[in-house]
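Trainee: Sequence:
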Amino acid sequence: MNFGRWLIVILGIVAMLCGCSNSEAGLHSEKLINWTKYEVSDSHELTFIANTGDPKCFKLRIVTKETDGLIEVAIVEGVLPEAPKHCTAVGKIEKLTVTTEAPAQNLNVRALPSREVELNP
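Residues in the sequence shown are numbered from 0 upward in steps of one, following numbering that gives the first Met the number 0.
One or more hints might be untrue.
Below 25 Å or equal to it, Euclidean Cα-Cα: the simulated DSS-like pairs (lysine-lysine) are [to be verified]:
no.: 1; residue 1: K64; residue 2: K36
no.: 2; residue 1: K91; residue 2: K55
no.: 3; residue 1: K36; residue 2: K84
no.: 4; residue 1: K84; residue 2: K55
no.: 5; residue 1: K36; residue 2: K94
no.: 6; residue 1: K36; residue 2: K91
no.: 7; residue 1: K64; residue 2: K94
no.: 8; residue 1: K55; residue 2: K94
no.: 9; residue 1: K84; residue 2: K58
no.: 10; residue 1: K58; residue 2: K36
no.: 11; residue 1: K94; residue 2: K58
no.: 12; residue 1: K64; residue 2: K84
no.: 13; residue 1: K91; residue 2: K30
no.: 14; residue 1: K30; residue 2: K58
no.: 15; residue 1: K94; residue 2: K30
no.: 16; residue 1: K30; residue 2: K84
no.: 17; residue 1: K30; residue 2: K64
Hint data in this document are derived by calculation from the structure and do not stem from the laboratory.
Build the full structure now, drawing on both the sequences and the hints.
Mentor: And the structure:
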């Protein structure tokens with residue numbers, strides 16, 4: 000395998016591990032939504048609660064950045080490619096789980112600044 004291929008593989012692994020590029024294939028019209036609360040659900044796990052729309056229309060993804068005792072979290076809501084043309088105003092409470100590197104109870108949890116989240120148009 001040549002150097003270029005190795006570099007691509009390594010960069011892909013780094014992006015996956017850092018959570019920086021966690022885009023969901025096919026979602027469009029993405030926007031950030033607020034998480035309403037979170038809880039420590041395991042020794043290295045946090046569960047976030049967010050309100051979203053009709054599951055036939057919308058899907059959530061989570062973007063995280065964890066460094067030095069701090070985890071920053073953003074929840075992104077996007078429209079599914081196969082969504083119907085008109086979506087009903089259905090409210091759904093969704094739970095999203097994040098695995099942490101550090102013990103979850105020791106982390107300071109904050110919202111990830113919007114400028115650090117890549118959204119699909």
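Trainee: Each hint needs a verdict: does it hold in this structure or not?
Mentor: Verification of the supplied hints:
1. This hinted pair checks out: K64 and K36 have alpha carbons roughly 18 Å apart, not beyond 25 Å.
2. A hinted pair counts as satisfied when its Cα atoms are at most 25 Å apart, and K91 with K55 qualifies at roughly 11 Å.
3. As the CA atoms of K36 and K84 are separated by approximately 31 Å, the hinted pair breaks the 25 Å bound.
4. Taken as a hint, the K84 and K55 pair is honoured in the structure, with Cα atoms around 11 Å apart against an allowance of 25 Å.
5. Taking the CA atoms of K36 and K94, the gap is about 10 Å. The hint holds against a cut of 25 Å.
6. Simply put, K36 and K91 have alpha-carbon atoms about 15 Å apart, close enough for the 25 Å limit, and the pair holds.
7. Restraint check for K64 and K94: satisfied, since their Cα atoms lie roughly 18 Å apart, inside the 25 Å limit.
8. With a C-alpha separation of about 17 Å, the suggested pairing of K55 with K94 holds against the 25 Å cut-off.
9. At most 25 Å may separate the alpha-carbon atoms for a hinted pair to count; K84 and K58 meet this at roughly 15 Å.
10. Of the pairs offered as hints, the one joining K58 and K36 holds, with about 18 Å between alpha carbons and a cut-off of 25 Å not exceeded.
11. Our distance criterion of 25 Å between C-alpha atoms is met by K94 and K58, whose separation comes to about 12 Å.
12. Proposed proximity of K64 and K84 is contradicted: the alpha carbons are some 34 Å apart, above 25 Å.
13. Between K91 and K30, the direct Cα distance comes to roughly 17 Å. Compliance with the 25 Å bound is thereby established for this hinted pair.
14. Under the criterion of a C-alpha separation no larger than 25 Å, the hint pairing K30 with K58 is consistent with the structure, at around 11 Å.
15. Simply put, K94 and K30 have alpha-carbon atoms about 17 Å apart, close enough for the 25 Å limit, and the pair holds.
16. As the CA atoms of K30 and K84 are separated by approximately 18 Å, the hinted pair is consistent with the 25 Å bound.
17. With a C-alpha separation of about 18 Å, the suggested pair K30 and K64 falls inside the 25 Å cut-off, and the hint holds.
Checked against the numbered hints above, the structure breaks hints 3 and 12 and satisfies the rest.
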